[in-house]
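Listed below, chain by chain, are the residues.
Protein chains: 2
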Amino acid sequence: MGSKRQGAASVPADLQSLRDSIDNIDAALIYLLAERFKCTRRVGEFKATSGLPPGDPDREATQIDRLRALAKTAKLDPEFAEKFLNFIIAEVIRHHESIRARA
Amino acid sequence: MGSKRQGAASVPADLQSLRDSIDNIDAALIYLLAERFKCTRRVGEFKATSGLPPGDPDREATQIDRLRALAKTAKLDPEFAEKFLNFIIAEVIRHHESIRARA
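If you read the protein sequences in the order shown, they are chains Y and X. As numbered in this note's numbering, the first sequence has no gaps in its residue numbers, which increase by one up to the final residue, 168. As numbered in this note's numbering, the second sequence has no gaps in its residue numbers, which increase by one up to the final residue, 168.
Simulated from the structure, these hints should not be mistaken for lab results. Predicted, not measured: the structure shown is a model, and the values here were computed from it. Do not take every clue at face value.
Remember, identical chains collapse to one label, so a pair may be satisfied in a single copy or spanning two.
Derived pair list, reagent style DSSO-like, types lysine-lysine, alpha-carbon separation capped at 27 Å [to be verified]: (1) K137 to K148; (2) K140 to K112; (3) K103 to K148; (4) K112 to K148.
The whole structure should be built from the sequences, with the hints applied where relevant.
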């Protein structure tokens, strides 16, 4: 994976160290997102077979409140946490709609 | 954090179990994102004091290739992984520009 580090020789050591940490965190994020979509795929299948709508505004409002609170604890911008969740939910609803279309 | 679960009594147990897993994963994502932004904040400070530009197209292209490959391993849509990285990078560049403006 690390073979494409173009011009690594010209990157200062401090910057390279930070980039290595970012790359490690990104790998963890990708694997967690994969696991999250496994869960939401099962939610989508459950909703499609139960006749429930793909989106659930009450659930989403609860998730947003919770993630904003968690973001404050983690010293992450709560606005960003909300934008992030909306970004993920948009993708989830797209999946749910395609599951529904195939059902 | 779990006190705002509106209408939990009416949510089928299977769906609630999946939602609980999603909530656990979301907490992990938020804390990882907070750590990632700590790293990129330090990158931004380094770039601002070194006179380097906020964005780095070569680095971003390498990150995109790497995350797409990781996504395939994790059975996550590579297109989504790329959209996700672009979403994060847009926020990082916004941070870098504001660090530069204050420098």
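Hint-by-hint comparison with the structure:
| no. | hint | in the structure |
| --- | --- | --- |
| 1 | K137 to K148 | both (14 Å within a copy, 25 Å between copies) |
| 2 | K140 to K112 | between (35 Å within a copy, 22 Å between copies) |
| 3 | K103 to K148 | both (21 Å within a copy, 18 Å between copies) |
| 4 | K112 to K148 | both (25 Å within a copy, 26 Å between copies) |
In this structure, every one of the numbered hints holds.
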